[in-house]
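Assemble the whole structure, with the sequences as input and the hints as a guide.
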Amino acid sequence: MNAPVLELLVGGVLLGGLYALMAGGLNLIFGVMRVVNFAHGEFLAIGALVTVSLVAGAQAPYWVALIVVPAGAALAGLVLQTFVIRRLADAPLIMSLLATYAVSTVLVNAAILIWGGGYRGLPGVLSGSVRVAGVDVSVARFTAFLVAIGTSLAVWIFLRSTRTGRAIRSVAQAPELAIISGISVERVRNITFALGSAMAGLAGVLMAPTFASDAQLGSRFLIKAFAVIIVGGMGSYPGAIAAAMLLGILEVFGGYAFGQVIGSALLYLVMLAVLLVRPRGLLGVGARI
Amino acid sequence: MTGPVRVGPTRRGATAGLIGLAAAGWAGRTAAAEPLRMGVALSQSGNLADSGELFKRGIDLWREDVNGRGGLLGRPVDIVVYDDRSDPATAARLYERLITNDKVELLLSPWGSASCATASAVAEKHKRVFVNAGGASEAIHLRGFKYVFQSAPAISAYVAGVAPVSKAHGFKTLAIVSRDYPAARDMTKALDKIAAEHGLKIEMTEYFPAGTTDYSSSIARARQLNPDIWIGVGYPNEAIEMVRQFRAVNYLPKAFIHNGPAQDDFVAATGKDGEYVIAISLYEPVLKTEGNAGFVAAHKARYKSEPGYYAAFAYQGATVLERAVAKTGSLDQDKIRETLTTFETDSVMGHHKVDPKTYVQIGLKGLLDQIRGGKREIIWPDDLKTADAVLPMPAWDKR
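Same order as they appear, the protein sequences are chains A and B. Per my numbering, the first sequence starts with residue 1, numbered consecutively. Per my numbering, the second sequence starts with residue 1, numbered consecutively.
Please keep in mind that the hints were generated in silico from the structure rather than gathered at the bench. Just so we're clear, the structure is a prediction, and the values are computed from it rather than from any experiment. Some hints here could point you the wrong way.
Covered stretches of chain A, going by a simulated chain B footprint (3 or more residues, C-beta under 8 Å) [said to hold, decoys possible]:
hint : region
1    : 77-85
2    : 135-144
3    : 246-256
Some chain B residues close to chain A (C-beta under 10 Å, calculated; not the full set) [as the list claims (entries may be wrong)]:
hint : residue
4    : SER45
5    : ASN47
6    : HIS351
Every residue gets a Cβ at the ideal spot worked out from N, C-alpha and C, and that includes glycine.
What follows is the structure, given as structure tokens:
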């Protein structure tokens, strides 16, 4: 029996799109601020739950969630940055890691208190498939994929061609020089954290139609998102996209050939291999973005 | 580590009055009685936190009931609750602590086969009675343990309806796609046996690790092998995401059977796409079993929803333990053990009876439901049927 290569490839690439979406904000925040944000998954989960409440509960159109949720997430990110992360700016990496882990635990439990312990969904939103070249392509996943690529590209262009973007990059690459040049590191960090959080919120909005949303939705993806940025190279945008696709494809083909347990394990084996052989990642260039 | 949460006889909120009345009821009779302390570790965080919370509701409702009845052996029941973080090793450690440190007098079961497997081993080591209310896996009881009794339905009961439903609708082939955990391995064994006896063919057997959210590779294989039935066991989010993904890639087996759709969340989260899916249920609020009407009413009053089977598992298990202890008339673990070996009783899920050698549950039978018009209708067994099955499932665009 021949493997349905095209179907598996499409499945893998679209799965990669979801991983890229999840990894985007995480990568930006690490690249600029050296903060491994463990609460990223909870921003995503709460984004998805708010989306369900807005669309299935309050009957708002889906596009409203696409605007409101990332905006709300940006604001929440700014609050977190102001009250927690900023205070740990010069502390060792482990401090912000522990702090965001604590925030993540608080957020999970807050979400359980608000939305309960069960699963929620968005039936009828972006559901169904379109048939392209003999393969049924999921509308929801294709949309998420396009948005993941689009957002990554937009952020990349923003970082390259705008004044603020260049300020962000200079803070990432040489904070001392940035300060001497009159760049407000504080402002850059605020913008970065808000932007990264907005990306998590957006990922939540786009994942709500596909997955069973609950307070722990993010934690089911977070490890894979870390795998993506480790393989791609922490802080590297094109690297993260390439790694997300690679890992998505590997998981689906591996799952088909050897079963899903091995398929998932392959992903972590690649991560391990990259850490051992090329710790800065496939396209990682130190910590540049 | 988090400290124990005491679920004592007083509670906040709307239920305070109710409990107050209940408390007043037994206060007269048991004014001087020291509370009977029971211990449980269940998942309040980690990947089983959602279903663990529903399981805990069953324990809470039972505690209120038993205290309303005057307590156990004339003493009010107090429960020490720990969070096992959905981790079987943590569960084992916490049961060790409940027994040696907290010195609880009776143990309640954790939620999930994995934690029940480790916790029951600790109980056995200390010669403490352990009524397994949360683990369907039969493997838990095949280790020669003397103090461990299953009140949860054994996994073979889950799939007992597969052969008759297949026969009625002319289904010949199956694909098994389950979360990789002990209950699933047991289910596969049970299905292998059923398949051999009834001439069904198992086309593929796949397991996926906990936390899996993508089924592309399994769907691709199933599309090629084209089994009549896709059957799996796991958690509700997995069933929700499977159906979503079936719909999203335009794949449809003739029947999709899973235990997840037995939870109300499934219907709300999948809408029209979840219609015609078959739920492995084991418990339904409409069952005319002993005490069920009261249990459903109490659950509705307290949680604004009907109980699903997670809550029923807990309630059934606690009730079995309560009655066995009451029948024994003492907390002597060896005497309670002796009682449980042949103990039979009826509670919300049905008739409790264990195999006299392994203490695997053999009294409880499974149900198969089909989601129809947003509700679960019982389609098997025939004597409990509330609707005729519509199979094969109608095409996605014909609904």
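Status of the hints after comparison with the structure:
With a threshold of 8 Å between beta carbons, the proposed coverage of the region 77-85 of chain A by chain B is violated, since 0 of its residues qualify and at least three are required. Coverage of the region 135-144 of chain A by chain B holds in this model, with 6 residues showing a Cβ closer than 8 Å to a Cβ of that chain against a need of three. As drawn, the region 246-256 of chain A meets chain B at 6 residues by the rule of a beta-carbon pair under 8 Å; at three or more, the given contact holds. Below 10 Å, beta-carbon pairs count as interface contacts, and SER45/B has one with chain A at about 7 Å; its hint therefore holds.
Taking 10 Å as the C-beta contact cut-off toward chain A, the hint placing ASN47/B at the interface holds, the least distance being around 7 Å. With a cut of 10 Å, the hint placing HIS351/B at the interface with chain A is violated, because the nearest CB-to-CB distance is about 29 Å.
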